[in-house]
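**Student:** These protein sequence lines map, in sequence, to chains Z, S and L. Residue 200 in this note's numbering sits at position 200 of the first sequence, with consecutive numbering throughout. Residue 202 in this note's numbering sits at position 202 of the second sequence, with consecutive numbering throughout. Residue 265 in this note's numbering sits at position 265 of the third sequence, with consecutive numbering throughout.
Mixed in with the good hints there might be a few duds.
Stretch-level coverage of chain L by chain Z, calculated; a stretch enters the list once three of its residues show a Cβ under 8 Å from a Cβ in chain Z [stated by the list, open to error]: (1) 111–124; (2) 162–169; (3) 192–198.
Derived from the structure by calculation, the hints contain no laboratory data. Glycine included, each C-beta is placed from N, C-alpha and C at the ideal position.
Single-letter residue listing:
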Amino acid sequence: MESRVLKPVLAVYVGLFLLFLYGPFIVLGILSFQQGPEGGPQFPITQWSIFWYRDIFGLTPPSRVAPLPIGVSLFRSLVLACMTMITSTVLGVMAAQAFRKNFPGKTVSFYLIVLGMIVPGILVGLGSGLVATTTGIERHWWSTAFATHVVYTLPFAFLVMLAIFNRFDASVEEAAWSLGVSPITTFRKVTFPLIFPGVLSAMLFAFTLSYDEFSRTLLSSGREQTLPLAIYSTFSVEIHPNVFAFGVLTTLFSFSLLAVYAILMTLSVRRAKRVAIQEAIG
Amino acid sequence: MSSIEAVVSKTDQQPDRGRSAALRSYLLIAPSVIWMALFLILPLAMIVYVSFWTQSTFKIEPKLTLDSWQTFFGSDTYLNSLWTTIRIWLIVLISTFVLGYPTALFVGLFVRNKTLQTALLVLCVIPFWTSFLIRVIAWRPMLGKEGAINILLMKFGFIHQPIEALLFTELSVVIGMTQIYVVFMVGPIAFMLGRIDPNIIEAARDLGAGFWRILRKIIFPLSLPGVVVGAMFVSVMVLGEFATSAALSGRKVNLLGNIVVTQVGSLKWALASVVGVILTVIMGFVIAGLLRIVDLKKEL
Amino acid sequence: MDAVRTKKGMSILSEEPILRLEGLTKRFGSHVALGDVTFAVERGEYVALLGPSGSGKTTLLRSIAGFEIPDAGKIFLSGQEITRANIYERGIGFVFQNFALFPHLSVKDNVAFGLRNGAKRLPNDEVLSRVLQTIAMVGLTGLEERGAAQISGGQKQRVALARTLVMQPKLVLLDEPLGALDANLRLRMRAELRQIREQLGIPFLHVTGSETEALAMGDRVIVLDQGRIGQFGKPDEVYNRPATPNVARFLNRYNVFDGALDGEVFASAYGRFAFGVRMASARSAYAVRYDRLVAKQAGTVSRAPAIRVNYVASEYLGAAIMHFFETNDGKVVEVEHHLSNGPPSAFSEGEAYDLTWTAEDGIVFG
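Pulled out of the complex, with its shape left as it was, chain Z reads as follows (with noise of 0.2 Å):
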């Protein structure tokens, strides 16, 4: 009886739920479309336009408000979610590929992989900065900051890999060995081709986790700025609705990884299909 009153209301609540989940990005999105350049960051839309997406681009006049530090940022954000992305995964599948046999020491390494991703960002950049500092080592954001990246996305591509090799039917390694194929080679020719849809979901899990990365960063980067960080110094000086225009377009890149991601792995799940798990009996 009382599920019959409880259900549309905790339904009537979800709604609400959500509206605060969103709202935020609603408000932003709609004052993102403020008139430019004398609009203030806040209601009331004195009148639409897409100065500020034109402002992002570099395509305005300049005017007294300062245009956002993308430019260069945007590329090394770029550049070390690549070099993350790709560090991170192949770290992770060897190690991922090392868990599927027994040796000492395993458990230690798994909490130690894991502890990547529980220690909250300024301690483990502190850390790296106060070593950094201490041995005289320059901190930049291709070295120091790099490092930090890869140890806070390890464990998601290990975890992910660990899941996926889970599930692994091993028959056909052993099949592929039987028939005198080295080990290396089967892992090339037969392993790797199936593990594949594994192996992009964890490389799109590093890239996002890299290219979204700030705390971090903040204390392990030198003195050239990734696009967060970037985009922080400007808080503490008055923000302007390009700020706005810059979250929608980074939402709608977010989104667009994210369809990529969804295009690559249907396409390789459609090719090895009936596969990353063998099918029992056909």
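Got chain Z; can you put chains S and L on it based on the hints?
**Tutor:** For chains S and L alone, kept in the frame of chain Z given last:
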């Protein structure tokens, strides 16, 4: 065997082939282990070590001293930020729980269609896929004097003067953090609720129990592991926070995280390390305490 | 089995068995999967390995292939020890129960995989001709370009076979290769498997849980009992003269009674039985084949051996009928009546009957 060991041993797929096989395993795992040891363990150890170093205005020396510790505990400002951090952590923890549980209840228990369940969860997670900083800054136009909330409330006649306390206060930080982290509560709780056998609830109802009774005695206890996991996620993230407080409180709210950032900015490494150690200790206690509530190894 | 050595030290293998196991032992924790297994497979033989689940037959096969490393004992292939050799260097083919085809490759690429990726790289056209030849041999011509996941179970089975045979292995191990196929297909594949093998002359070691399959396919049959060899011999030997009570049980053709030898008869809970054959065995038991029993009205039998039972039910098997009887303490006794021996008798449920047989048909173990 603990559940971690159980998980770890379930990954064994290949037979033992003696020493050359063990060597191969070590070669595969070595890069990851070395990376984590060098870039995670070493930095963390450094934090503890450096917190005892002597800090002069421009230099820092390995001479061991308790100076920085005394500075921290002797200063009202710093102690204040300690309490503020703990206070905000508790408030956000409670608010994410209070706000998130009903949603998890709906998605995990009341929505029986699996696709709809997944769709709703995806809907909750999508905001997570966008930039963290954007999510933080998105609250400014909502909460300001001329922000969306005030405008809507005034339009509908609920208030006549804009509420000033919405932005640049502790409240704004709490609101921002709650919205950003609540999804970490919803996920695990919905997961645990989804695993409850509906027959149990049927049976209880047949025995005459009213809904609130069922909720208290059956649903909530069964969802507790999810609550604990969610609490751990939220706690770790909130305790390590500084961006939200910086962006939404106008420097009024100083969390331990903020202190770390500002001290590093002025190269006061020793003090920053002290705060880092304190943060780690707090987190250690919180996680240990949460793990005591529920024996996660059994439940998961 | 003498090896004659030439001046260069090479042995001319005269009668060297293709496969020889000595004392093979394998433990999993405290469970002994294989205990001191010793036997040899001759060249060109088809050996069936029979045993119930848990008998260790799959472990044995996997140890020979190299997927498992034994704890003790030795394995010799053509006289060379391969106990700890790498899987990919043994030259032993393996056909999996679930086929283990490479799902992302076509039928042709599956069959060509070993030739293309092994240690020896053959020229492309030779690979292709061998592959197409083998595909034709297993009867799959026309399916070369199909994806491995898009063919039927029986076709997958042939691809698995072709993939192995194209490598010209010294020995092929088959792990319940027909187990995943439906009964009809299984019977047809049995004949085909034998035919293909005889064409190539490669020795097969074929694991199965089905005693009819083992008896039908093997030149010789190994019966594995809890990790040890129960019996190893020709099918008719095994069928007519099971070496141990367990072997008799696995054959699904014998009624086995517990008891002990007492002088010239076997004393069991159901009576004293005279016997015709005595098999030396650690355990005491008495076995008589299903089709050697005759059922008569209770009380009409004067000669021994005989046993008093109640009728339960019958099962029609086509060319024979299986009658099920039960002793007073619940032991089931089966009687098989071949319809070529005459029309079946009618029994009443719950009624008492005497089952009798000639003493010569009784096998005593002990």
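**Student:** Against this structure, judge whether each hint is valid.
**Tutor:** Each hint, compared with the structure:
Requiring three or more residues with a Cβ within less than 8 Å of a Cβ of chain Z, the coverage given for the region 111–124 of chain L holds, as 5 such residues are present. Residues of the region 162–169 of chain L lying with their CB closer than 8 Å to a CB of chain Z number 3, which satisfies the three-residue condition for coverage. Remark: the region 192–198 of chain L is not confirmed as covered by chain Z, as 0 of its residues place a Cβ nearer than 8 Å to a Cβ of that chain, below the required three.
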